[in-house]
Amino acid sequence: MANFFPRWTNWVPIKLVVCGILLVCGLTGATWYYVTPKYTKVRYQPIQPVPFPHDIHVTQLGMDCRYCHSFVEMAAQSNVPNTQTCMNCHTQVQKDNPKLEPVRASWKTGDPIDWVWIHRTVDYVYYNHAAHVNRGISCFSCHGPVNHMPVVYQAKPHSMGWCLECHRHPENFLRPEDQVFNLDWKPDDVKSAEFVAKYGKPHGVTEDWSKRKTLS
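According to our numbering, numbering within the sequence shown proceeds without interruption in unit steps and concludes at 218.
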């Protein structure tokens with residue numbers, strides 16, 4: 003009996019399946035890219051009105067996080083530096099650098115620099131910076147190695163699941179309170195005897211924190 007359809011039609015079902023898979027993957031990827039809020043996008047790296055290389059200011063020059071983010075230990079929301087903070091140094095240092103023209107313009111006009119916020123949470127989430135940094139949670143845990151970033155990007159997802167990971171197992175993220183702003187601190191730096199003497203040892207805990215590799 004003769005075939006009603008040419009041989010090439012045998013490939014049609016396979017091609018339809020492949021096209022269907024590609025279509026689903028494409029729609030999923032597009033939805034993820036365009037619908038996911040920026041505050042959960044790891045590697046989100048907007049262009050700022052003034053370049054501020056944290057690696058130079060923090061790692062090379064030794065500036066403390068709190069010089070610019072001066073309210074972080076006292077307020078729920080950490081502040082971005084105002085123009086006065088920038089000009090404390092840049093009236094003398096690199097004062098003619100063309101990259102700093104927006105800072106000088108802000109200084110003259112009184113209009114604030116329109117910094118682009120990177121790390122954000124949804125409106126219904128309340129995050130208190132002071133409550134965290136004053137209890138041994140480092141900037142590093144939420145913001146990553148900012149001290150080594152020429153341009154700041156979002157290093158963590160800041161999603162609900164990510165927050166719960168820390169709240170369910172805070173022991174993996176705590177560090178000595180005097181090391182909260184030392185972003186290069188490592189678990190091996192812990193001297194267990196001194197840590198326990200200062201902060202106490204919870205009932206039933208026998209693990210030596212100096213041997214942990216998951217603290218951050």
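Check each hint, because a few of them may be wrong.
Said to hold, decoys possible - When the alpha-carbon atoms are kept at most 25 Å apart in a straight line, the in silico DSS-like pairs for lysine-lysine are as follows:
1. 158 x 110
2. 110 x 97
3. 158 x 43
If you are wondering where the hints come from, they were derived from the structure by calculation, not from laboratory data.
Against the structure, the hints come out as follows:
1. Restraint check for residue 158 and residue 110: the C-alpha separation of about 37 Å exceeds 25 Å, so the hint is violated.
2. Annotation: proposed proximity of residue 110 to residue 97 holds, straight-line Cα distance about 14 Å (limit 25 Å).
3. In summary, the hint linking residue 158 to residue 43 is supported, as the alpha carbons are separated by about 8 Å, within the 25 Å threshold.
The structure fails to meet hint 1 from the earlier list, while all remaining hints are met.
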